[in-house]
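First to last, the protein sequences are chains A and B. Our numbering puts the last residue of the first sequence at 113; the count rises by one with no breaks. Our numbering puts the last residue of the second sequence at 1113; the count rises by one with no breaks.
It is worth saying that the hints were derived from the structure and are not from the lab. Wrong hints could be hidden among the right ones.
Stated by the list, open to error - Simulated DEER-style distance windows between Cβ atoms: (1) Met45/A - Ser1027/B: 14 to 24 Å; (2) Pro1081/B - Asp27/A: 24 to 34 Å; (3) Gln1108/B - Thr111/A: 17 to 27 Å; (4) Ala72/A - Asp1018/B: 41 to 51 Å; (5) Val1044/B - Thr111/A: 21 to 31 Å.
Claimed, not checked - Coverage of chain B stretches by chain A, computed from C-beta distances (three or more under 8 Å per stretch; other residues unrestricted): (6) 1032 to 1041; (7) 1100 to 1107.
Built from N, CA and C at the ideal position, the CB exists for glycine as well.
Below, each chain spelled out in residue letters.
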Amino acid sequence: GAVVSQHPSRVICKSGTSVKIECRSLDFQATTMFWYRQFPKQSLMLMATSNEGSKATYEQGVEKDKFLINHASLTLSTLTVTSAHPEDSSFYICSARAFSEQYFGPGTRLTVT
Amino acid sequence: GQQLNQSPQSMFIQEGEDVSMNCTSSSIFNTWLWYKQDPGEGPVLLIALYKAGELTSNGRLTAQFGITRKDSFLNISASIPSDVGIYFCAGQPFSGSARQLTFGSGTQLTVLP
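Using the sequences provided together with the hints, build the complete structure.
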């Protein structure tokens, strides 16, 4: 099956700093990738849709200047959390679409102290 | 917007028992997907359904795409301890350029030895 990787798996940063999370499709090309956020014991909430070569589409309530998304190639999308605050601590998961199915990365646990 | 109602929210069953969970939608979906998520991991695709009425199996798992296109169920037969986790249904709309997934709230499954 299609494999999606994420890096890093865990990151701890200080409040006010920026953190970049990478999402890669390893064995297929993905014109569209998705970024989700998940709080404990809750479902996945779509943050934005990342399109290769164009601007990301953000869901309502998601600050595009705070969560910068870059989809520079068909196998890589990055999410940068700028000026992170403790309330940004969460589990961030990316996914990539292969044909009609979405495959998810293993997630990144972000803790902002 | 579209909403998915997934039930039950949690289940405690004995090893060897069968499990059933379902999702209903307020609108029509073109594709239904079922995922399993282990703690600290990203969701893993279990079964994908593309046609109304379709019944698909993957080992001990069986899922069906409701004839109205507004519901789906997942059955797990002869449960084993490694079935423990959170199961999510997800629906993909019929149209739209991105065709993002809408997720159910999840079913937490606990298998007792």
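Those earlier numbered hints the structure runs against, lowest number first: No hint contradicted; all consistent.
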